[in-house]
Amino acid sequence: MIEAKMCSYEEFPASELSPEGMKVIKADNSLQFAIPQLNIKYAEKDGMPLHLHIITPPMEKKDMIEKKKKFPLVVFIQGSAWKKQNLDGKIHILCEFATRGYVVAIVEYRPSDVALFPAQIKDVKTAIRFLQEKADDYHIDRNNIFVWGNSSGGHTSVMVAATMEQEYNDEDGQLNIKAFIDFYGPTDITKMNDEPSTQDHMSPESPEGKLIGKRPVDSSPEWTDKVNPINHISEEREIKPLLIIHGDKDRLVPFQQSVLLYEAMKKLNKNVEFYKLQGADHGGDAFWKKPILDLVEHFFKKNM
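Numbered according to numbering that gives the first Met the number 0, the sequence shown spans residues 0 to 303.
No lab work stands behind these hints: they were computed from the structure. All values derive from a computational prediction rather than experimental measurement. A virtual CB, placed ideally from N, CA and C, is assigned to each residue, including glycine. Where hints are given, some of them may not hold.
Straight-line Cα separation of at most 20 Å, SDA-like style, residue types lysine to any residue; simulated pairs [unchecked claim]:
1. K301 with I291
2. K266 with S233
3. K265 with N302
4. K239 with E296
5. K67 with K133
6. K67 with E132
7. K44 with N168
8. K66 with R141
9. K133 with H91
10. K213 with D199
11. K239 with S196
12. K177 with G212
13. K133 with L37
14. K68 with K44
15. K82 with G212
16. K25 with S14
17. K82 with A114
18. K275 with L292
19. K60 with P35
20. K209 with N85
21. K190 with S219
22. K67 with P110
Simulated DEER-style distance windows between Cβ atoms [to be verified]:
23. I64 with D27: 19 to 25 Å
24. M201 with D45: 24 to 30 Å
25. D171 with K61: 35 to 41 Å
Build out the structure end to end from the sequences listed, making use of the hints.
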């Protein structure tokens with residue numbers, strides 16, 4: 000008899016017991032589930048610990064221990080109207096996305112009631128530098144890093160793309176990012192009341208007003224000009240490829256916001272793709288279904 004404690008799975012004998020009436024199901028032993036590691040501290044600013052949820056693809060135990068297997072990194076910025084984020088908000092979808100072969104890091108930044116713009120941009124860059132430094136620990140391919148955000152997180156994603164190492168950095172060091180995705184993010188916050196919306200965007204108490212220190216959005220150009228990523232884009236400055244997806248029935252962030260960004264990028268001959276998701280509301284389920292996630296993955300692969 001083989002001692003169970005000494006043998007491998009392959010060597011271990013299958014039971015041949017077969018009581019009457021028992022049914023048999025063939026086991027599928029292939030790897031299936033992503034591996035989330037929650038609340039990893041990457042920095043502390045203004046007395047606030049900042050965290051990441053890091054999700055790695057399914058791996059054999061030996062690959063997890065040896066840390067030789069590497070995957071592209073997707074840094075995801077959860078929308079929150081620049082308030083405190085719910086890092087768990089899309090974790091079920093992002094865990095499923097990680098099974099496609101990506102490390103996904105959901106990044107927390109200081110909310111607007113703790114730190115005004117551009118703290119959010121600085122924090123995401125700090126998180127990316129942390130992940131670059133700890134790449135081996137989390138199975139990250141340093142040569143393939145992408146940033147993806149939705150709503151206010153989409154705005155932050157574009158702001159990182161537009162500024163990179165030039166502005167809004169708390170540390171030195173190159174950000175080795177290949178491409179960016181913006182799901183229905185604001186662009187020019189001074190024009191958000193120009194189109195139909197279920198929320199006021201101009202008052203000092205609006206999310207946009209709070210982002211700039213509870214100031215009136217329509218009369219604070221010294222702040223709002225900096226918040227607009229278009230003002231950071233120029234013909235001379237390199238901007239990595241950008242994918243924009245926005246619903247044409249967005250009741251919160253007008254579709255026009257993405258049109259403004261797309262037209263500005265095209266005018267300056269930047270690499271940009273824009274998809275209108277017909278019939279989609281702000282953050283609706285349509286954005287998180289297989290056809291759109293396939294589009295996102297195709298964009299990543301094209302820019303690796």
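Here's how the hints hold up against the structure:
no. : hint                      : in the structure
1   : K301 with I291            : holds, 15 Å
2   : K266 with S233            : holds, 10 Å
3   : K265 with N302            : holds, 18 Å
4   : K239 with E296            : holds, 16 Å
5   : K67 with K133             : holds, 13 Å
6   : K67 with E132             : holds, 15 Å
7   : K44 with N168             : holds, 13 Å
8   : K66 with R141             : holds, 14 Å
9   : K133 with H91             : violated, 24 Å
10  : K213 with D199            : holds, 14 Å
11  : K239 with S196            : violated, 30 Å
12  : K177 with G212            : violated, 32 Å
13  : K133 with L37             : holds, 16 Å
14  : K68 with K44              : violated, 32 Å
15  : K82 with G212             : holds, 13 Å
16  : K25 with S14              : holds, 14 Å
17  : K82 with A114             : holds, 10 Å
18  : K275 with L292            : holds, 15 Å
19  : K60 with P35              : holds, 15 Å
20  : K209 with N85             : holds, 18 Å
21  : K190 with S219            : holds, 13 Å
22  : K67 with P110             : violated, 36 Å
23  : I64 with D27: 19 to 25 Å  : holds, 24 Å
24  : M201 with D45: 24 to 30 Å : holds, 27 Å
25  : D171 with K61: 35 to 41 Å : holds, 37 Å
The structure is inconsistent with the numbered hints 9, 11, 12, 14 and 22, although it conforms to all the rest.
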